[in-house]
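Here are the chains, one letter per residue:
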Amino acid sequence: DGGITQSPKYLFRKEGQNVTLSCEQNLNHDAMYWYRQDPGQGLRLIYYSQIVNDFQKGDIAEGYSVSREKKESFPLTVTSAQKNPTAFYLCASSIAGTGKSPLHFGNGTRLTVT
Amino acid sequence: GQSLEQPSEVTAVEGAIVQINCTYQTSGFYGLSWYQQHDGGAPTFLSYNGLDGLEETGRFSSFLSRSDSYGYLLLQELQMKDSASYFCAVRVTGTALIFGKGTTLSVSS
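Chains as they are written, first to last, in this note's numbering: chain Z, 1 to 114; chain H, 1001 to 1109.
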């Protein structure tokens, strides 16, 4: 079945450590996205990529970095510069360049930093 | 800035009809979408309005008025399984979506 896989489901890290969240899709979608979800805050866009080797900052990119070396993969690194990294992180993909193309989401990674 | 406003909570009983409103103020507009998210799960796509008017998909309908920067999601014949969070989202540029903060719908028997 086609879909988006995020791993791990739960991730625990100590403050000051960088951590990378995995996102893989086999939907052959060109566009991929990372959103952060906090209680009562909805989904906020961190980064998105419309083609391989290209990505754009979203509204809350500070403290995060991404890479898009392969069409199928869009890993997100939460760096020690991110002041409040504890959150639910959602990866999504879609057909690029189509206004009505829906986003397909993974099941998310819940990151806890102490 | 860009903002999407929707009510934080709505309650209803099984079999009823509920309307969730969304007003938006964004730098660009390429359509209004609605997503459903059950607690702790992945958001799933419900509907899209690119032009003014009503779109119907089974028990769910969505409406858009671009002149009023307003849309709504209408849920009919509510079922317990409809208890979830509902997000409106606007495509402002390229393919990225900006989401509202979500409306938590609680359906009781």
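Source of the hints: derived by calculation from the structure; they are not laboratory data. As the structure is a computational prediction, the values presented were derived from the model and not from experiment. Ideal Cβ placement from N, Cα and C applies to all residues, glycine included. Fair warning: there could be bad hints in the mix.
These stretches of chain H come out as covered by chain Z in the derived footprint (C-beta under 8 Å, 3 or more residues) [as the list claims (entries may be wrong)]:
| # | region |
| --- | --- |
| 1 | 1041-1049 |
| 2 | 1098-1109 |
Below, a list of computed lysine-lysine pairs in the PhoX-like style, where the Cα atoms sit at most 25 Å apart [said to hold, decoys possible]:
| # | chain 1 | residue 1 | chain 2 | residue 2 |
| --- | --- | --- | --- | --- |
| 3 | H | LYS1101 | Z | LYS57 |
| 4 | Z | LYS83 | H | LYS1101 |
| 5 | Z | LYS57 | Z | LYS100 |
| 6 | Z | LYS9 | H | LYS1081 |
| 7 | Z | LYS71 | Z | LYS100 |
Hints, verified against the model:
1. 1041-1049: holds (count 6)
2. 1098-1109: holds (count 5)
3. H:LYS1101 / Z:LYS57: With Cα atoms ~20 Å apart, H:LYS1101 and Z:LYS57 stay inside 25 Å; holds.
4. Z:LYS83 / H:LYS1101: Satisfied, since the Cα-Cα distance of roughly 21 Å is no more than 25 Å.
5. Z:LYS57 / Z:LYS100: holds (21 Å)
6. Z:LYS9 / H:LYS1081: holds (24 Å)
7. Z:LYS71 / Z:LYS100: Given that 25 Å is the threshold and the Cα spacing comes to 21 Å, the pair holds.
The structure agrees with every numbered hint stated previously.
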